[in-house]
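Q: Sequence:
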Amino acid sequence: MDLGLKDIGFTFIVGAITILGFELILFYFLNTNITGFFSGKIGLGVAPKKSKLNANTTGSNNQMESIIGTSGFLLLSFTIGIIVEDASYKFMDPDKIPIFEEWLSNIYPQRKKMDVASVHVLMNDCDKLIPNSLGKDLARVNAFTKGLYHPDSYKRDTINQIEQWFVNSNPESSPIRMWPKFNKSVEGAIKGLYYVAKNTVFLKENYYDELKRIQNRIDLSRSLLILSVIYFFISLPFAIIALFYKGSNRIPLRSYLIVYITFLSAWYFSNLAYRRESEEFNKRVFGYFSTMLLNERLFKSEGK
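In the working numbering, the protein residues as written are 1390 to 1693.
Misleading hints may appear alongside valid ones.
Ranges of calculated distance between the beta carbons of each label pair, as one might list FRET restraints [to be verified]:
(1) I1629 to K1573: 40 to 50 Å
(2) K1689 to L1592: 16 to 26 Å
(3) I1647 to V1556: 27 to 37 Å
27 Å max Cα-Cα, derived BS3-like pairs, lysine-lysine [claimed, not checked]:
(4) K1395 to K1672
(5) K1525 to K1593
(6) K1593 to K1672
(7) K1593 to K1395
(8) K1535 to K1517
(9) K1535 to K1395
(10) K1535 to K1689
(11) K1601 to K1479
(12) K1535 to K1525
(13) K1517 to K1601
(14) K1535 to K1573
(15) K1672 to K1573
(16) K1573 to K1593
(17) K1601 to K1544
(18) K1689 to K1593
(19) K1601 to K1580
(20) K1544 to K1587
(21) K1672 to K1517
(22) K1587 to K1479
(23) K1544 to K1395
(24) K1525 to K1395
(25) K1587 to K1601
(26) K1395 to K1479
(27) K1544 to K1580
(28) K1544 to K1573
(29) K1601 to K1672
If you are wondering where the hints come from, they were derived from the structure by calculation, not from laboratory data.
On a predicted model such as this, the values are computed, not experimentally measured, just so you know.
Glycine is no exception: its CB is placed at the ideal position from the N, C-alpha and C atoms.
My request is simple: use the sequences and hints to build the entire structure.
A: Now the structure itself:
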């Protein structure tokens, strides 16, 4: 884990939001505080009345307690932030579209698409398998061949056919199925290319810095996406418990709506950010790799 200043800052943000999100549920449903953020008493509580004799002592004690409380909150936020970031990375395949759309595609199989995010970057239409200009540029410089980890004659022939299909594909018509499971073959070729392209581009310092900034935003939005959905579903049983103990007439519906709207809004905007940043990241990986291969080919041709 690259502990740069921004990485640490994003980890703190994720941890703090994790704590405050859980406190939001506890405060509105069970009237319980952790940090006192939503009650306006952040880690302090009600201060005791001061007399002239103990004013200085009380002030020093309160200041020390405040420092200890703040330090503890920062340490806890950082620790929880690391845990949440790692968990979100394992929960959501970084090369998949957000998992909720995958669930929907399983419910409605007629809408199911090739669900690898890197595939979408090279296609104008994933349903009809119509490649875009970036995919054609990569095929022209034989980039897909670079994605073969253990090339053999069969795989190389398959990749060569895929590259020819990319170059010669007509966007006005559906592609000809050259062999069974054509979709999976294209998907596998793009995935193999993606990891080689990413590792190669990351070796360039100027490319690495730009991609790392985008990756930080992806990690943040992915963590917030997972948290917002988890907290939304966690809040449902809390509402049932509150309804059972307080009764429907004593339930502050407006407060409950605030909680649900907060989590749904967080899900919507973090999902939007996750999709946008992931697409930008993949576009840059493929685009930079295509440029590197083209420059390499031009250099060799000039050398001859």
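Q: Are there hints from earlier that the structure breaks, and if so, what are their numbers?
A: 3, 9, 13, 16, 17, 23 and 24
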